[in-house]
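Here the protein sequences come in this chain order: A and B. Note that numbering that gives the first Met the number 0 numbers the first sequence so that position 149 is 148, with each residue one more than the last. Note that numbering that gives the first Met the number 0 numbers the second sequence so that position 128 is 127, with each residue one more than the last.
Rather than coming from a laboratory, the hints here were simulated on the basis of the structure. Please note: incorrect hints may appear among the correct ones.
BS3-like, lysine-lysine: derived pairs with alpha carbons at most 27 Å apart [as the list claims (entries may be wrong)]:
hint	chain 1	residue 1	chain 2	residue 2
1	A	30	B	238
2	A	30	A	116
3	B	96	B	30
4	A	147	B	30
5	A	116	A	147
6	A	30	B	147
7	B	116	B	96
8	A	96	B	96
9	A	96	A	30
10	B	30	B	147
11	A	238	B	96
12	B	116	B	30
Protein chains: 2
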Amino acid sequence: MQNKANRNEFDRIARYFAPLAASFPGAFGLKDDAAVISPSAGAEFVVTTDTIVAGVHYIGDEPPALIAAKLLRVNLSDLAAMGARPRAFTLNIALPKAIDDAWLEAFAAGLGADQEKLGITLIGGDSVSTPGPAVFTLTAFGEVEQGKAVRRAGARPGDLIFVSGSIGDGAFGLRVLQEQIEGLSESDSAFLIDRYRLPQPRLDLGRNLPDLAHAAADVSDGLAADLGHIALASGVRAKIQAAKVPLSAAARNAIASRSALLETALTGGDDYELVFCAPAANAPAIEALSRETGLPITQIGEIEAGDGVSVLDQDGASIILSRPGFSHE
Amino acid sequence: MQNKANRNEFDRIARYFAPLAASFPGAFGLKDDAAVISPSAGAEFVVTTDTIVAGVHYIGDEPPALIAAKLLRVNLSDLAAMGARPRAFTLNIALPKAIDDAWLEAFAAGLGADQEKLGITLIGGDSVSTPGPAVFTLTAFGEVEQGKAVRRAGARPGDLIFVSGSIGDGAFGLRVLQEQIEGLSESDSAFLIDRYRLPQPRLDLGRNLPDLAHAAADVSDGLAADLGHIALASGVRAKIQAAKVPLSAAARNAIASRSALLETALTGGDDYELVFCAPAANAPAIEALSRETGLPITQIGEIEAGDGVSVLDQDGASIILSRPGFSHE
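All chains should be built: construct the whole structure from the sequences, respecting the hints.
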């Protein structure tokens, strides 16, 4: 947080953000021209970055702490998908005048609590003003043993396809907020909204992926789309059985009352689960990891020769997805 | 450039930005969840980041290639100030609908030409849409030998203060564009505007700073302010002689017709020169480096015990700066 800041921005950085960088010597208290950082011995860096815009990527009236936490977590989900452990991040904020100190204090407090919980530290950034909506960019640095990053490319015919947690909750949560899904119980609605607002990056699974998986992605664009990315990058076909895709009780209740929502679950995105491809020989180790971490990991299909993504119903017939998977925005 | 992009954004990334990342294997063609990067043997990373907003940090009608080049160069100036060599960068763009493919193509072409010239490579980023003005964030990674980064802290009483190039041109160029400075020759105006629009990061000097300097900063907030940052971080006083501050012929012409502009030169910012503090014993090596690189390096003062920045006129009297140096925004 260096150049071209006016005094108000210097003050805000010193007050709200410098404490988040205090434990990292190479951040120099956010007061120097840049930060200095080295990977641990034998490791290399994995770098990912996301930008969110008020009114586009979040509604705008969410608690600031939740906006901060989600921005951090979607980046950590990308690190987990590469098999990396979180290390540090930079934050760039462009703020309209309407954002006051109380809002920013709550945002920074949420970020501080979440970085503590998730084991990552702020090391730099920038703060500017804008006449438009708030724009936040977070760039996260993770570490992985040299040469061990798990890519989208690498899936091989015969690999099994696994997915963590449950799929569709995030997309349903957004639609509950938009009142496109109604009639759910209060607790189901609250569960789905929480899943949309506060993703759980699968860091414990992620750091084990280099030893287990040939390929991985996080489920952000939608399960079908992200599997499609793996299939394309690997030059293979991903075949999944829709009935095997893990659903939460709340998502099952939603689909029970409107069956078209099954497709929403498969294509909706905002899951921040991990989908990965591993040889069958690793299935016992994956099962053991699931037990150990308490995170459900479900086999949903197989990799075969070919291309694209094939989703089969219970009779083995292909389900045609009307929207195979890019997120609306 | 991964999450939550719609098809148009995927296409734009593939068409305009993926070619800029083609030479860097760990960028994975901008198609994976993250990039992978390691510092060279014995080196560590220096990380800096800047955000610019249309209508705030640039006027808006500049050629897109110049906007891209300036954004890259201000970050490289920070790397140079730390003694680092450029290595890679990420780019996040939030674009309004009004920005069409032709604009973006020109922006990417400018970035591509400049990254080639300056020896750095795009490795990742994000592209989103915004209902507000365009917002760009660039995060640059440089390399420095482990433990050799040049900080703002480190200046010692007895050090000489040096500055590269000439000071004030950027601030004057902005004011020529804003028609606050008039009556200059066409060539003087063009020179100053170019200095404002296209900073020259002092990379050759920067990479030599670890062997020469105790402390350094780039001059972005204004010479007085950036020297103030060094003085504060180092716990010393910076004393400079105003008459020694190097001025271009165009800046001298502007000051000749309006003497108050001398203060603008000392406080205006946007110079992207390097100011650094070095022991007197290194003066011959600094002079040799200046000859070798063709970059003027001028001694403008000394570090002494105390605090703050003291600017002396030709009679040794203190000049009181009305605005010791934060940039307006």
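Do the hints match the structure? See the list:
For the suggested pair residue 30(A) and residue 238(B), the alpha carbons sit about 21 Å apart, so the restraint of at most 27 Å is met. Of the supplied pair hints, the one linking residue 30(A) and residue 116(A) holds, its CA atoms being roughly 25 Å apart against a limit of 27 Å. In summary, the hint linking residue 96(B) to residue 30(B) is supported, as the alpha carbons are separated by about 24 Å, within the 27 Å threshold. Straight-line distance between C-alpha atoms of residue 147(A) and residue 30(B) comes to about 18 Å, which keeps the hinted pair within the 27 Å bound.
Restraint check for residue 116(A) and residue 147(A): satisfied, since their Cα atoms lie roughly 25 Å apart, inside the 27 Å limit. Pair hint residue 30(A) plus residue 147(B) holds up; C-alpha atoms about 18 Å apart against a cutoff of 27 Å. A C-alpha spacing of about 31 Å is found between residue 116(B) and residue 96(B), which places the hinted pair above 27 Å, so the restraint is violated. Under the criterion of a C-alpha separation no larger than 27 Å, the hint pairing residue 96(A) with residue 96(B) is consistent with the structure, at around 23 Å.
Distance check on the hinted pair: residue 96(A) and residue 30(A) sit about 24 Å apart at the alpha-carbon level, within 27 Å; holds. Between residue 30(B) and residue 147(B), the direct Cα distance comes to roughly 34 Å. Violation of the 27 Å bound is thereby established for this hinted pair. Proximity of residue 238(A) to residue 96(B) is assessed by CA-CA distance (about 37 Å); at most 27 Å being required, the pair is judged violated. The suggested pairing of residue 116(B) with residue 30(B) holds, with an alpha-carbon distance near 25 Å, which does not exceed 27 Å.
Violated hints, in rising order: 7, 10, 11; the structure is consistent with all others.
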